[in-house]
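What follows is each chain in one-letter form.
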Amino acid sequence: MSRIGKAEVEHVAGLAQLELDEAAKERLVHEMGDILAYMDQLNALDTTNVEPMMHALEMTNVFREDCVGESLPREEALRNAPNHDEEYFIVPKILEGGNA
Amino acid sequence: MEYEAVIGMEVHVEINSKSKVFCACGTDFHAPPNTNVCPVCLGMPGTLPVLNVDMVNKSVAAGLALGCTISRWSKMDRKNYFYPDLAKNYQISQYDLPLCHGGYMDIEVNGVEKRIGITRAHIEEDTARNTHTIGGGQSGVDFNRCGMPLLEIVTEPDIHSADEAYAYLTLLKQTLQYLEVSDCNMEEGSLRAEANISVRPKGTTALGSKTEVKNVASFSGVHKAIDFEIKRQINVIREGGAVLQETRGWDADRGVTFSQRQKESAHDYRYFPEPDLTPIVVDEAWEQRIRESLPELPQARCKRFQTTYGLSPYDAGVLTAGRPMADYYESVITAGADPKKAANWIMVDLQALLTDAKQEITDCKVAPEHIAELLTLIGDGAISGKMAKDILRDIFETGKTPKAVVEEKGLVQISDTGAVEAIVRQVAEGHPAQVEQYKGGNEKVLGFLMGQVMRASQGKANPKLAEDLLRKLLNG
Amino acid sequence: MTAPWCDKTGHEIREAVVRGDVTARVVTEAHLARIHALDGKIDAYTQIWEEYALAMADRVDEKRRSGATLGILAGVPISLKELMCTKQGETTCASKMLAGYRSPFDGTMVQRLAAADAVFLGKVNMDEFAMGSSTENSAIKTTKNPWDLGCVPGGSSGGSAAAVAADLCSMSMGSDTGGSIRQPAALCGCVGIKPTYGRVSRFGLVAFASSLDQIGPLTKDVRDAALCLNAICGRDPMDATSVDLAVPDFTAALTGNVKGLRIGLPKEYFTDALGAEVREKVMAAIEVLRGLGAETVEVSLPHCDYAIAAYYIICTAEASANLARFDGVRYGFRHPDAKDMRGMYVMSKSAGFGPEVRRRILLGTYVLSSGYYDAYYLKAQKVRRLIKQDFDEAFEKCDVVLGPTTPSPAFRFGEKTADPLEMYLSDIYTISVNLATLPGLSLPCGLSSSGLPIGMQLIAKPFAEETLLRTAHAYEQNRGFDMGKPPIA
Ligand SMILES: [Zn+2]
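Protein sequence lines correspond, in order, to chains V, W and Y.
As numbered in the working numbering, the first sequence has no gaps in its residue numbers, which increase by one up to the final residue, 100.
As numbered in the working numbering, the second sequence has no gaps in its residue numbers, which increase by one up to the final residue, 476.
As numbered in the working numbering, the third sequence has no gaps in its residue numbers, which increase by one up to the final residue, 489.
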């Protein structure tokens, strides 16, 4: 019995915008299951009073001053885009109100 | 059954920093598409965000003005979702520890004061703008707006009508403009308001399922949209239906809300702390520095205008609606003008000129000292009210001083008794019939004779003095 | 094949260039010639910047002729891992997703090396987006271990390690998220240092796991590592996590003196899981250091068994967000058949990323998803704290922690690809160093019976790179044997 099922793999793939064929799903059920089961060993540790290490460094308040610097020339900005015209990045039609 | 609406507002305000929130690109709204962009705000591989300190300062100022507690320790988080207007497919925002929380605004609707709770105000980055003008079933994306500094202000569900929502938005905008942290220009999208609306039977406490109304272009539009949406939801329920949880747009032409997207399930944004940025620690000293730099806020200033200057609540409200106008008014007072007269001249005459010229008070060529000077000239009897209006129009266009205009045009009022008396005599002698009528008891003819005096003096005779002298002559 | 200058270290080349014994052009040409002759066997290079490298070399020579002071890496031929952003050439991260991608900027580290008058020969292979421990996950080519062409060079900076080991460059810039500099350095017999998190700007390093990634050099000796750190360390306003701390002259730490140095030996590192040959060589190295006056003390890292689990939660979570930007809108691969938006995302990502990258994105998405955050991500960050505390306590008793870099020498191609978890477990000794943000250095300490390099790892307190370098250098100068060269042509 794997740690996760096919439905969960499909759900996670949906969140990550990945598509998987049936064989890949089967394989991932096992691979991810094994890895997650391995990760579950953390549950053996009592971490009740442990402060999570949410930032790697102790530093705080690293800011930049509000100064305008150079932007990219537009051709440079657009150069790597798979589809663009002179002004815009072009994508398949975006439906109104589709964003979060 | 009676229903009541329960409304919470989410307002996104673009903070008017010179550069974007995480990179050094400029923030000019009018820049051509994709010219205010750099590797950082385009989310190019290998780039990192660095937080603009101006954003923190202005957000704290806004938070304090909204009565919020400023978090001593807060952090940025990643909010993960896919959309082409999001360069990294995550938005850097704040999740469980917003910079500001637990505030309020006291609004007034129909003379009744009411407190609207502010749940939180947090820092985030704006998204890009999509255009739908590219042909062939395609959209264009302009990343100029991506990474603009954005403050999201969320209220408690304390609002119960469109009027209250309108009053809240108006006061919020006024406050932020007083702080000079945002232009709050809805047309340019630097203020965007969304309303979460549900209805429930009056007297109950459970919340009905809500709709989110967004993409409304004006405050009056928000007012209309909320009104419509409340009625729509009540109708749906009365007809035995259920309100669907969804996002609705506002069709201003037809005056209706319409379904944009139904939420299949709650979003799973997979928030986690942004590892590329350090936590934000606003200590007491920093908070205090910002608190001390806050200007007097609109409500306090409005009350003070009433008590200090004896203005009516209405006049005080008009004069304090915007900080530049309130500052202007107080400069006029400082220059020695009578508060009530100054209020009248600014609200009526000056405002009319501004409106005609489509100017803001900040563009106005009339210096506050000149209004005071004008009022002094009237008070001294040097010019008449009618002359003052002409002078004001002149200085509004030229920026000259009132005295200069008076001299230039020879507009000095004749208040010398001898000179006025000579004109009065001349008029009386020239109109014997009318003089007789007056003496025969026809009081009305006095007005005609006064008109003749003013004409003969080219409008310069002090009217009060002229009338006194005319009566004295005719009665004598 | 003898190759003049190619077997030299960076500091030897720099000195020769400064003295005028050789021009940077000659050194560069020698390396380019060797790359052309040998890299067909090794497959370390993904891009060779022939003209660009020679132009850089000529600028160094011109600078010398003009009498200007030469930079600290003058004429030193360097290769860059495929995920270092450069205006020159492409920055592909060894992924189909970024094939042809041209970065509009040079990363901070690249700028600093150029300012130090280094010469860039080109870019070298890696596991796709730095995810892997064998470089087998590259979408470009399979890099071989110069010591045995049937073995992996390690990963993810496998191209860097192979190139340095085969004398195809003098040093190479790698990145280390869970051992990606130290492990390939160990498997290829190089020196590799992962500086303290925050020491080197990450601006221009394509992110895998932002709270763990750090840039560092793979070199032929310890002095080169110190020299390179001198060039690349220090605060960068473009990276909010780069630390504002004075950068010492790291070469000044190479005193050869380790008298009284307290070396901590974690009992958890010397268990049965450690291969006998590796143990033997590491123990011998400890004896060398003892002989130089260092003391050893047993220390304990009680939570180190949990490091891999915590690491794979944190790094996959961060990666799932970091790699979300590769969607075919602004750059990168867009599937030609995509008709609508969701199709563009799904088809481009599914075809653009390789299996290991997809697997980690899925894992990371899972551990962050609603209902699992506390059980995985939050828990892992707590365990991360415990692991850091273990080291804090250990460093109360010692100045440097010493142990193996890997449990065994280089493994064969395909040996661990079938089981991803098995591959993850090979990073057991390196991962906790990243979790604890510490500096770690791997250096060769011998050859296995089959002639494969074995590496040992030194770990120090945050920002105590000098202690690492001093210890490593003292050992290197006194180990009493020559590692020799890989048996290639
Ligand atoms: Zn930018």
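Be careful, since some hints might not be right.
DSSO-like cross-link-like pairs, simulated, lysine-lysine; straight-line CA separation at most 27 Å [stated by the list, open to error]:
#1 W:K403 x W:K439
#2 Y:K259 x V:K25
#3 W:K303 x W:K341
#4 Y:K96 x V:K25
#5 Y:K416 x V:K25
#6 W:K439 x V:K93
#7 V:K6 x W:K340
#8 W:K202 x W:K79
#9 W:K460 x W:K472
#10 V:K6 x Y:K416
#11 Y:K416 x V:K93
#12 V:K93 x Y:K339
#13 W:K460 x W:K403
#14 W:K444 x W:K409
#15 W:K472 x W:K444
#16 W:K439 x W:K464
#17 W:K389 x W:K358
#18 W:K114 x W:K79
#19 W:K358 x W:K341
#20 W:K303 x W:K340
#21 W:K409 x W:K472
#22 W:K386 x W:K303
#23 W:K403 x W:K303
#24 W:K409 x W:K439
These aren't lab readings, by the way, just hints derived from the structure by calculation.
Numbers of the earlier hints that this structure fails to satisfy, in rising order:
When the structure is compared with the hints, numbers 1, 2, 6, 7, 8, 11, 14, 18, 21, 22, 23, 24 turn out to be violated.
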